[in-house]
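J.: Same order as they appear, the protein sequences are chains A and B. Quick note: the first sequence uses numbering that gives the first Met the number 0, first residue 0, plus one each step. Quick note: the second sequence uses numbering that gives the first Met the number 0, first residue 0, plus one each step.
Hints were generated in silico from the structure; no laboratory data involved. Take these hints with a grain of salt, some might be off.
Below 25 Å or equal to it, Euclidean Cα-Cα: the simulated DSS-like pairs (lysine-lysine) are [unchecked claim]:
(1) A:Lys276 / A:Lys310
(2) B:Lys90 / A:Lys43
(3) B:Lys90 / A:Lys49
(4) B:Lys234 / B:Lys174
(5) A:Lys43 / B:Lys234
(6) B:Lys100 / A:Lys49
These numbers come from a predicted model, not from an experiment.
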Amino acid sequence: MKTLKPLNGNQTIAEAVRQVDIDVVAAYPITPSTAIVETIAQFKADGLIKGEFVCPESEHSAMSVCIGAAAAGGRVMTATSAQGLALMWEMLYIAAGLRLPIVAAIVNRALSAPINIHGDHSDTMGARDSGWIQIYSENCQEAYDNFIQAFRIAEHPDVRTPVLVGLDGFIISHSTEIVEIEDDEEVRRFVGEYLPIYPLLDTSRRFTVGSIDFTDYYFEHKRSQIEGIENSPRVIEQIGQEFGQKFGRYYSFFEAYHLDDAELVIVVMSSAAGTCKEAIDELREEGLKIGLLKPRVFRPFPYQKIAEALKDKLAVAVLDRSSSPGAFGAPLFTEIRSALYDYEKRPKIINYIYGLGGRDIKVEHFKEVAQNLVRIATTGKIDSHVGYLNLRE
Amino acid sequence: MAAVRLKDLAQKEDRLVAGHGMCLGCGIPIIFKIILRATDDPLIVTCATGCLEVCTTIFPRTAWNVTWIHSAFENAAATAAGIEAMYRALKNKGKIPQEKKIKILAIGGDGGTYDIGFQALSGAVERGHDFVYVCYDNNVYANTGGQRSSATPLGASATTAPAGTKSPGKIQPRKDLTRIMAAHKIPYVAQASPNKWLDLYNKAKKAFEIEGSAFINVLCPCPTEWKYEESQGIKLAQLANDTCVWPLYEVEKGHFKINYKPKQKLPVTEWLKSQGRFRHLFKEENAWIIEAIQAQVDEEWEELNKLAEM
Ligand SMILES: Cc1ncc(C[n+]2csc(CCOP(=O)(O)OP(=O)(O)O)c2C)c(N)n1
Ligand code: SF4
Ligand SMILES: [Mg+2]
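Build out the structure end to end from the sequences listed, making use of the hints.
T.: Here it is in structure tokens:
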């Protein structure tokens, strides 16, 4: 039976893990994702999880255990943040290259140095070329829903690609909301049984996994890996619909908020989108035709869909909670700007970097962005393509 | 244990077959042809990056006649831990029959074991995963052209610790990994070498049969990096035993047992003069290194004997 529970983001992830009939969890503690690992350990200690819980000596080993376990043939997950994800970096590529459908909850946190424990997207953005599918969550409910869907996406025979689900450190991981937790049995049925193709534990067959490719095969194997993630949009869409039909909450590649008739648009992912909606409500009352586009899936990047949604707008501000030092703007901005390149008529587009190290973003900051968009739309002039929000300079 | 005859072992199916690309005279295939015969159970092998992994699995060919996986250089123990965790999970859930026994073997070179993979190994055996870890110790990063590792002995010349006009080669003694693994107090730890094939076989058999983590460190002659004539590998390994540079022993439930005591302990110079990597030590100015090596070997042998008497 569906129940309403007051849970924070970390607890919703642990609930999802309990419900999906996980086989192996391997995870190492790091703020702000520690509570996921602890809660799963407690579930295991109380017999609520039948699978194995491994607590390795590092995140590098946690991901390595996930790889061994997934290759052995079963459902596997981990959770981490920032430095932990950075320490896994080498193994992220190997998980994707070996086409292992591992699912990871990444509680987004700023990368050191300076060391900081608060939320930004520098960790997962740094992993954007690792071959993992990336899905971002605005709130606890979305974190829960995304995490359940992630297994279906990762394990789909046409995809076979690891998936990470991002939720903002503290803002989501430690904030309690009323979350709709679905019936255990219903979730289990939705996720279904995972059927591995080449499980190592099927010793009746002898095969070699992870062999060395030289110049004559590596490229083809990489191409076939890319095909897996290229197949995923169809699957992500279909599973988002199926999830909606079953549980009443529908998901796609992005959420549009007052977007259709908007002339000005703010693009922002994750928890900040919630604050942005507040700002949009107030600005709309003031008569401004402004809307929000909240990307949910960052890899594969839904470039066509997003470009179609933005092409007729006057001015767009893309807000990134990470930086790409030395690049022309931060990751979300460069993706969207590039996606619009082929359209003859396209909006003026600017980038704001915000919220690094957990710096607050408030309604007033979105209003500041809106003012700039109004100015750009009326004058047709952009002072600076990349700016910073709520920063002392 | 029933007597094992080489003839019978030779009859067994090879799990690492011919056609791999390891150098002429390499110790690795000899070692693993013996170890892989020490269990008849289904086996899953994971290898760290290194000579064995590279030379046996150049796509689309494979020399492995057993289910095999390579993940990275430093994580063979963690990969094995993951396989073992999944094995336990699926058994608990009834997806693998209770009576089915699968053995898990992780293999690393000295680089993948003493150095970069040490943390993962220490962690995996501390957690007590039921698997066997075998290190083939050729004292060097052989696959990448002979760089020093923490298993490279004092005075050896390695490409990142080369002998030169102002340097006698590696100036630090090797790390005693077997003793370090014994300090983890896991069910079984052993040191072996391929010249004593029966001893190696018995150790591998024990390691496979014991429940929990087992570790075997095997001296692995490498003609390419040690610089000796290819046919001499097994003789060299014997020399390592007879000089007590590489004693054969095992540690079972904390008890040390020496498996081979040379009738006459040979001076380390016999060992050193057999390989090109030590050639520079015989220059006058490096005499002190030879003395230091002898003193270290004597001390360690004495210590080992004391431990075995306890
Ligand atoms: C993280 C990482 N660092 C470095 C390397 C390069 N590398 C591959 S094998 C190897 C040395 C292997 O030495 P060892 O473990 O002793 O095995 P051997 O080559 O002697 O068989 C090195 C340095 C790598 N593959 N991965
Ligand atoms: S370099 Fe040494 S260890 Fe590597 S294959 Fe050749 S002989 Fe064997
Ligand atoms: Mg080596």
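J.: Does each hint fit the structure? Answer for all of them.
T.: Hint check results:
1. A:Lys276 / A:Lys310: This hinted pair holds, its Cα atoms lying about 21 Å apart.
2. B:Lys90 / A:Lys43: 16 Å, holds
3. B:Lys90 / A:Lys49: 11 Å, holds
4. B:Lys234 / B:Lys174: Status holds; Cα separation ~24 Å.
5. A:Lys43 / B:Lys234: 53 Å, violated
6. B:Lys100 / A:Lys49: 20 Å, holds
Hint 5 alone, counting from the list given before, is not met by this structure.
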